[in-house]
Amino acid sequence: MNVQPDLDFIRYLKTAGGDTMKKCYQCATCSVMCPLSTDENPFPRQEMIWSGWGMKDKLIGDPNVFLCHQCGDCTAYCPRGAKPGDVLGAVRAYAYTALGWPTGLAKLASTAKGLPMLIAIPSVIIFVLWAISGGMVIPTSEDFAKYGYQRFFGYWDFHWLAKNVAFIDFFMLGAVGLAVVGSYKGVTNLWKQMCKREGVNPDFKPSLVQLARDFVWPSIIEIVQHNRFRECGTNRNREIGHKALMWSFIGLFIVTLWSMFANDVLGLWIPSFHGPMTIWNPVKILANVSAIAMIVGCGILWMNRSKSEAEGNITPTFYDWFLIWEIMAVAVTGILAQYLRWAGLITPGYIIYYFHLVTVMMLFMYMPYTKFAHLIYRTTAMTFERYRDSSFVKNPLDK
Amino acid sequence: MTDEQGTSGAILVVGGGISGLTAALEAAEVGNDVFLVEKNAYFGGRVAQLNQYFPKLCPPSCGLEINFKRIKDNRRIRTYTMTSVTAVSGGPGNYEVTLETAPRYVNSNCTACGDCADACTDEIDNDFNFGMNKSKAAYLPHEMAFPRRYVINKDALSDEGAAAVKASCKYGAVDLDMGTDSKTITVASIIWATGWTPYDPTKMDNLKYNESDAIVTNMMIERMAAPGGPTDGAILRPGDNKEPESFAFVQCAGSRDENHLEFCSYICCMATFKQMTYIRERYPEAKIYVFYIDLRTPGKYEKFREKLMKDEHSTFIKGKVAEIIPESDGSVTVVAENAMTGEKIKQNVDLAVLATGMQPSLNVDGAPVPLDTDPSGFVNSNPETGILSAGCACRAADVVTSNQSATAAALKAIQVSRRS
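Line order of the protein sequences matches chains B and S. Residues 1 to 399, numbered by our numbering, are exactly what the first sequence covers, in order. Residues 1 to 420, numbered by our numbering, are exactly what the second sequence covers, in order.
Any given hint might turn out to be false.
[Claimed, not checked] Derived pair list, reagent style PhoX-like, types lysine-lysine, alpha-carbon separation capped at 25 angstroms:
| no. | chain 1 | residue 1 | chain 2 | residue 2 |
| --- | --- | --- | --- | --- |
| 1 | S | K72 | S | K39 |
| 2 | S | K134 | S | K242 |
| 3 | S | K300 | S | K56 |
| 4 | B | K196 | S | K344 |
| 5 | B | K163 | B | K284 |
| 6 | B | K394 | B | K58 |
| 7 | B | K185 | B | K146 |
| 8 | S | K344 | B | K58 |
| 9 | B | K58 | S | K318 |
| 10 | S | K287 | B | K22 |
| 11 | B | K185 | B | K196 |
| 12 | B | K284 | B | K146 |
| 13 | S | K203 | B | K23 |
| 14 | S | K287 | S | K208 |
| 15 | S | K303 | B | K23 |
| 16 | B | K394 | S | K346 |
| 17 | S | K318 | S | K287 |
| 18 | B | K205 | B | K58 |
| 19 | B | K58 | B | K14 |
| 20 | S | K154 | S | K39 |
| 21 | S | K318 | B | K23 |
| 22 | S | K310 | S | K287 |
| 23 | B | K394 | S | K344 |
| 24 | S | K287 | S | K242 |
| 25 | S | K242 | S | K208 |
| 26 | S | K303 | S | K287 |
| 27 | B | K107 | B | K185 |
| 28 | B | K58 | B | K22 |
| 29 | B | K22 | S | K318 |
| 30 | B | K243 | B | K307 |
The hints are simulated quantities; they were obtained by calculation from the structure and are not laboratory data.
Chain S extracted, bound-state conformation (with noise of 0.2 angstroms):
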C-alpha cells in the first residue's frame, strides 16, 4: 500500500532530544519510514545544554554528533524542526496526525554565515542559556546547532533591525513572510519521547529562587560551565560576576516532594556530583555543602559518588534545606537540620545551586492530544495502541536509560508496523 507520503508503516517520534534520536535512528536503520518531529529549533534537547555527561564526563557533541551524522545518512527519516503535533485520529497501524510547522523566516538558502545576526540591532533573552545572557532577534540557537541554519524571532525584530537582517543576507535567506505551515501524515505508532523540562523553582516558595542572584538551577551550571554557555566556562555569581569560594547543593528541590513532583527524578544526585568535578576544576579550595535526604547513585554510580564524597573540601549534611535567607551582601544561608547531629544547620555561602529535578515536558505545557499518563504526566507506552513513550516523557531518567527505553520503543514501533 502506498499513501500520500510515499510510506508505509512510518513511524512518528514527537521530540528530537536524545530518546528521539535514538529511537528515530533505531527504527529507521532497520528499514522503517520516521518522522521526526521537534519543537525547537535545533535537535539534542536537554543533552545539547549539558557541559558534560556523568560519570564519564565527555561533552555531549560526544553521542549527538555521530547521531547527527547518521540523521543526514539516512534517507529513511525525515526531519522536521520548530514542528508540533496539533491533532491524532484513527487507529494503532493508521493514525492520521497533523502537523504544525512554525515559521523560522529563515529558509534552506542559509549558510549559517552569521551575517544576520551581526547586522541585527534587536536582542532577545537567550532560551538556551536560561536567560542569563542575550541573543540577537537572529541567531543561532547553540554552537553546535543541527540543523545548522539560523532563526529569526521575528516579533522582537523593530522594523530597522527586520530591513537590516533582510539586507545583510547575501542568499536570499531572510524571509520574514513566512507562515505557519501545516500538514496531515499517517504513520502506524507514534512514539512520544518530549522529554522534560527543569522544574520551576519559583513555585518552591520558601527556597526564595526570585529574591536572590545567589540561588541558580543545576541546570544553570551546567551552561556557566559549558565552553560555548553565557560565561564562556565561568562559573560565577549571577548579578555580580563573584567567584564563588562556597557553594551549597539543595537536593530534592521539588522532586520527592507531594506539593511538586512526588517523584525522585534519578539523576539529580549524579548531576550533583558531576557540577562538584566542574567546580574543583576551576576552584580547587572552594568549600562544598551538599544537602541531601538520601544519596541516589545506583549501580556503577555509586564508584563515582565514592570519589566525589572523599574531596576534603566538601561535607555532605543529610537534611534537607528548607529555607534559604538571601543576605545583603549577596550572599545566602541555606538552613536545614542536620539529622545526624539533631542540631539546625545555617550556612552561608556564595552560591546555592537547587538541584531541580525533571517534570516531564507534556505536564508543563499540556499534551496536544488526549494521552494514557500517569498521575506525574509520564506517558505509559502501549504495544497495542502503538502509542508509545520513550527516554524522559516515560519516566525520570539518565541518558543511557532513556536511551534503553528509545530502542525499546522503536522495537514495539516495528512490530506495529509490521503487524499492520
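Bound-form chain B, shown alone (with noise of 0.2 angstroms):
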C-alpha cells in the first residue's frame, strides 16, 4: 500500500486535541472498550492509524468518525495515553471544516484565531442594520413596557410587514438559509464519499419517503431517546447534560417558529401580536422553561469537561469549547434581556438584546462548521450505518 501522509492534515490534528495521536501502538484496546463500536465495524483503533499516517481521505468518509459521543471510554482505559476519544474529536473538527461550505467561513470558524472576526461578522452586521433603521433611540419607559424589544428597530407605518420584523427576518433568515445551504452541500458531499468508501452500487437507491421512513427517521428517534450516550461508562451525567440542552433547543425551536407566525402573519391582522408576550402565555412558559434547561444542560456539560481537562483525561480546544460559550451567551443574555424589560431598565436591556441578536446569530450562521455541526453530521452517519447494512447495500443473499 502506497500512504501519501498529508502533513497539514497531521499538523491540524495536533493543535485540535489530537496531539497524543502518535502514542497509539495498534493494540485495540480502544475499539474492545468502546461501547459504541460493533463486531463488524469496530472502532477507533483504525483511525488511530490513519490519523497518525494522515490518510484524511480515509477518515472524512468514515462514518465512525461521526458515530463516536467521545464518552472517553476508550480514553480511560489507553494504555498508552493516546487519548483516541480527542483524535476523533480533532478529526471531526477537520472533517467539518473540510465538509464545510463556504470553504473560507469554514476555515474562519475553525480556529481560535478566527474568533474575533467571528464576533465581528454579526456585530457589525446587526450594528450597521440597527443604526440604518434608525431604530436606535431610547423608548420611553411606556412604550418599553408595552412594546419590549418589539421596536428594537423601530417603527414605520407600512401595515404589510412591521419594521422589526423586516429587519430581523433579514439577517437572521439571511443566516440560517446560509446555514442550510451549508448544511445540505456538507450532507450531501459526506453522503457520496461514505458511499464511495463503502463501494456501494448506485444502481439501488431508496426513494425519499424510503430513506426518510426507513433510514432518517429511526436515527433521529435514537438520537432523541440518547440511547447512545447511554452505553457510556466513563462520563455518565452527560447523557443529562446533553439531554437537557437538546430538549431546550426543541422547545425553542417550537417558540421560534411560534413567534415567526405570530409576528410576520397573525400580527397582521391582529396587532397586540407585536407586544411582548406575557409570562403566564403557554409559549412564553415553554421559552422560559427551555432557556433555564439550556443553562442547566450547557452547565452541566461545561463542568464536565473542565473537570475532565483538570484531570488530564481531556485537551481543552477550542473546537469544544466554542459551542459551550455561544449556547451559554445566548441563553444568558436572553434571559437577563427579559429580565432587564422586566426591571425597566431601557439602556442596558438594549444593550443585552443587541448580544442576544449578535449570538443567536453566530449560533445559527457558524452551526455547519463548529462542533454544532455534529447535529447534522451525526445524524447522517447514523443514517448510513442504516443504510449500509439494509439490502440496498448488502446483498441478502450473501452470507
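Fit the two chains together into the complex; they arrive one by one in their own frames, and the hints show the way.
See below:
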C-alpha cells in the first residue's frame, strides 16, 4: 500500500486535541472498550492509525468518526495515553471544515484565531442595520413596557410588514439560509464519500420517502432517546446535560417558529401579537423553561469538561469550548434581556438585547462548521449506518 | 580490620532467588564474605515456583540444586531465611544494616520428618501454589525447599493444633515461644535482589479475574503443571476441575500499560509459548488462542516462537483482550479486535490465562529504606554508593539475564569492598 501522508492534516489534528495520537501502538483496547463500536466495524483503532499516518481521505468518509460520542471509555483504558476520544474529536473538527461550504467561512470557524472575526461579522451587520434603521433611540418607559424589544429596529406605518420583523428576518433568515445551504452541501458531500468508501452500488437507491421513513426517522428517534449516550461508562452525566440541552433547543425552536408566525402573519390582523407575551402565556412558559434547561444542560457539560481537563483526561480545544460558550451566551443574554425588560431598565436592556441577537445569529450562521455541526453530520452517519446494513447495500443472499 | 561479625568488606545480598543466589555465590567464591537474607522461609524465589525454564524446558531443580550445594559448601556465605532489612545507615564501604528475622517456630533440630504436619489439625491457604490448595499450618513450603526445615504459621494454629504439633515432634524442634530476632551487621555494599511479584490481576477491572474460575494467571499455570503442584501436574479449570478443551492466552495483561505497569515485562511472551508446550503434552487436540499486541521473543528465542507458531491447533490474533465475559456454563468469552482483519472477535474458551507481568517486589511491599529507583520501582545500581541491584529488582528479565546482572552486581560489590 502506498501511503501519502498529508502533513498539514497531521499538523491540524495536533493543534485540535489530537497531539497524543502518535503514542498509539495499535493494541485495539479502545475498539473493545468503546460501547458504540460494532463487531463488523469496530473503532477507533483503525481511525487512530489513519490519523497518525495522515490518511485524511479514509477518515472524512468514515461514518465511525461521526458515530463516536466521545464518552471517554477508550481514553480511560488506553494503555499509552493516546486519547483516542480526543483524536476522533479532532478528526471531526477537521471534517466539518473540509465538508463545509463556503470554504472560507468554514476555515474561519475552525480556529481560535478566527474568533474575533466570528464575533465581528454579526456584530457589525446587526449594528449597521440597527443604525440605519433609525431604531437606535431609547424609547419612553411606557413604550418599553408596552412593546419591549419589538421596536428595537424602530417603527413604520407600513402595515403588511412591521419594521422590526423586516430587519430581523433580513439577517436572521439570511444566516439560517446560509446554514441550510451549507448543511445541505456538507451532508450530500459526506454521504457521497461514505457511499464511495463503502463501495455502494449506485443502481439501488431508496426513494426519498424510503430514505426518510426507513433510515432518517429511526435515527432521529434514537438520537432523541439518547440510547447511545446511555452506553457510555466513563461520563454518565453527559447524558443528562446533553438531553437537557437538546430538549431546550427543541423547545426554543418551537417558540421561534411560533413567534415568527405570530409576528409575521397573525400580527397583520391582530396588532397585539406585535407586543411582548405575558409571563403566563404557554409559549412564554415554554421559552423560559427551555432557557433554564439550556443553562442547566450547558452548565453540566461545562463542568464535566472542566473536570475532565483538570484531571488530564481530555485536551482543551477551541472547537469544544466555542460551542459551550456560544450556547451559554445565547441563554444568558436572552434571560437577562427579559429580566431587564421587566425591571424597566431600558438602556442596559437594549444593549443586552443587541448582544442576544449577535449570539443567536452566530449560532445559526456557524452551525455547519463548528461543533454544532454534529447535529447534521452525526445524524447523517447514523442514517448511513442503517443504510449500510440494509439490502440496498448488502446483498441479503450473501453470507 | 576486624568487625563484630569477623567479616571484612562483607557484601549483603537482599533476596535469595536465582539472582541473589548467583550474586552471593559469585562474590563468595572469589573470597568475599556474604550475608544472604531471604524474606521467605526458603531460597529459590520465583524460579522455585516454575514448572520448567524456557527455552530448554528443564525443571527448576536444574540450576537451583547446584546453587544450593555451592552455598552449603561455602563457609563465606551466611544465610538467613524469613529475614528482612529494616534499617540501613552509614556509607559506602561501611553500611550498618539492621536485620529482623521472623519466628519460624521450628529450630534447627528439625529433620523434616513431617510428623508435625501429619499431626496438625489446622489448614492454611498454600501461598506457594497461589492459594489453589491448602497446606497444614505446620508445613514444608514446597517439595524441594532449602533449607529443608518445616515452618509453623502460629496465627493459624488453634489451641488443640498447637498442642498436637508440639507433641508430635520427637526431636524437640517445635518452639512456639520463639520471638522476632534482630541483629546488626556491617557491610561494604548491598545488592538488592528482591525480585518480582506477579502483577495483581484484580487491578484490571475489565478482565474480571475475580468473577470467574476460568480466568487464571500464567504463574498459576506453572504451579498446576509442576509435579508437586496443587493438581499434581494436571492443568484443570479451578472450581470444577474440568479438563479444558480450549485456552486463550491474554498477553500484556497489565504490562506496557500506563495505567498498570508501563514497561514490557519481557518474559510473558516466552512464558506463554512455554506453557503452550505444557498444554500440548496434556491435551494434544486442545484449541489455543493467543491474543497479543506484539510477540516479543528476542534473539535466540525466535526459534522457540517459530516452532510453537507452527502448531496446527493454535491461532495467533493481533489484538489485545480488553474484556472478558464470564459465561454461565463456567467458560469465558474473551473480546478483542483483530487488527489484521479489522473485526471484533468474541472467542469462547474453557480457560483464559492472563499473562500477567512482573512488578518489582519493592514496589508492591514498599522499600524498607529509601532507595534510588526509577518511576516503576526498579532499583538503580550505583557502584559509587555501593548500593547495587540485580535480577528483576533491577529490570524485568528472564533467568539468563538475571544471572548476568547478578554477576555484574557481584563484581561491582567486590570492587566496593576492595576500595574500602
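Verification of the hints:
For the given pair, K72 (chain S) sits about 19 angstroms from K39 (chain S) by alpha-carbon distance, which is consistent with the 25 angstroms threshold. Only pairs whose Cα atoms come within 25 angstroms are accepted, and K134 (chain S) paired with K242 (chain S) is accepted, the gap being roughly 20 angstroms. Pair hint K300 (chain S) plus K56 (chain S) holds up; C-alpha atoms about 11 angstroms apart against a cutoff of 25 angstroms. A distance of roughly 23 angstroms separates the Cα atoms of K196 (chain B) and K344 (chain S); the hinted pair therefore holds under the 25 angstroms criterion.
Taking the CA atoms of K163 (chain B) and K284 (chain B), the gap is about 23 angstroms. The hint holds against a cut of 25 angstroms. Our distance criterion of 25 angstroms between C-alpha atoms is met by K394 (chain B) and K58 (chain B), whose separation comes to about 21 angstroms. At most 25 angstroms may separate the alpha-carbon atoms for a hinted pair to count; K185 (chain B) and K146 (chain B) exceed this at roughly 43 angstroms. A threshold of 25 angstroms between alpha carbons decides the hint, and for K344 (chain S) with K58 (chain B) the separation of about 20 angstroms falls inside it, so the pair holds.
Annotation: proposed proximity of K58 (chain B) to K318 (chain S) holds, straight-line Cα distance about 22 angstroms (limit 25 angstroms). Annotation: proposed proximity of K287 (chain S) to K22 (chain B) is violated, straight-line Cα distance about 36 angstroms (limit 25 angstroms). For a cut-off of 25 angstroms, the pair hint linking K185 (chain B) to K196 (chain B) stands: about 17 angstroms separates their Cα positions. With a C-alpha separation of about 16 angstroms, the suggested pairing of K284 (chain B) with K146 (chain B) holds against the 25 angstroms cut-off.
Restraint check for K203 (chain S) and K23 (chain B): satisfied, since their Cα atoms lie roughly 23 angstroms apart, inside the 25 angstroms limit. Between K287 (chain S) and K208 (chain S) the CA atoms are separated by roughly 22 angstroms; this keeps the pair inside 25 angstroms, and the hint holds. This hinted pair does not check out: K303 (chain S) and K23 (chain B) have alpha carbons roughly 30 angstroms apart, beyond 25 angstroms. With a C-alpha separation of about 23 angstroms, the suggested pair K394 (chain B) and K346 (chain S) falls inside the 25 angstroms cut-off, and the hint holds.
As the CA atoms of K318 (chain S) and K287 (chain S) are separated by approximately 17 angstroms, the hinted pair is consistent with the 25 angstroms bound. With a CA separation close to 23 angstroms, the supplied pair K205 (chain B) and K58 (chain B) stays within the 25 angstroms bound. Under the criterion of a C-alpha separation no larger than 25 angstroms, the hint pairing K58 (chain B) with K14 (chain B) is consistent with the structure, at around 18 angstroms. Restraint check for K154 (chain S) and K39 (chain S): the C-alpha separation of about 17 angstroms stays at or below 25 angstroms, so the hint holds.
A distance of roughly 18 angstroms separates the Cα atoms of K318 (chain S) and K23 (chain B); the hinted pair therefore holds under the 25 angstroms criterion. For the proposed pair K310 (chain S) and K287 (chain S), the alpha carbon gap of about 13 angstroms is at most 25 angstroms, so the pair holds. Taken as a hint, the K394 (chain B) and K344 (chain S) pair is honoured in the structure, with Cα atoms around 19 angstroms apart against an allowance of 25 angstroms. With a C-alpha separation of about 15 angstroms, the suggested pair K287 (chain S) and K242 (chain S) falls inside the 25 angstroms cut-off, and the hint holds.
Straight-line distance between C-alpha atoms of K242 (chain S) and K208 (chain S) comes to about 20 angstroms, which keeps the hinted pair within the 25 angstroms bound. Between K303 (chain S) and K287 (chain S) the CA atoms are separated by roughly 22 angstroms; this keeps the pair inside 25 angstroms, and the hint holds. As the CA atoms of K107 (chain B) and K185 (chain B) are separated by approximately 16 angstroms, the hinted pair is consistent with the 25 angstroms bound. For the suggested pair K58 (chain B) and K22 (chain B), the alpha carbons sit about 17 angstroms apart, so the restraint of at most 25 angstroms is met.
As the CA atoms of K22 (chain B) and K318 (chain S) are separated by approximately 19 angstroms, the hinted pair is consistent with the 25 angstroms bound. Between K243 (chain B) and K307 (chain B) the alpha-carbon distance is near 19 angstroms, which keeps this suggested pair within the 25 angstroms criterion.
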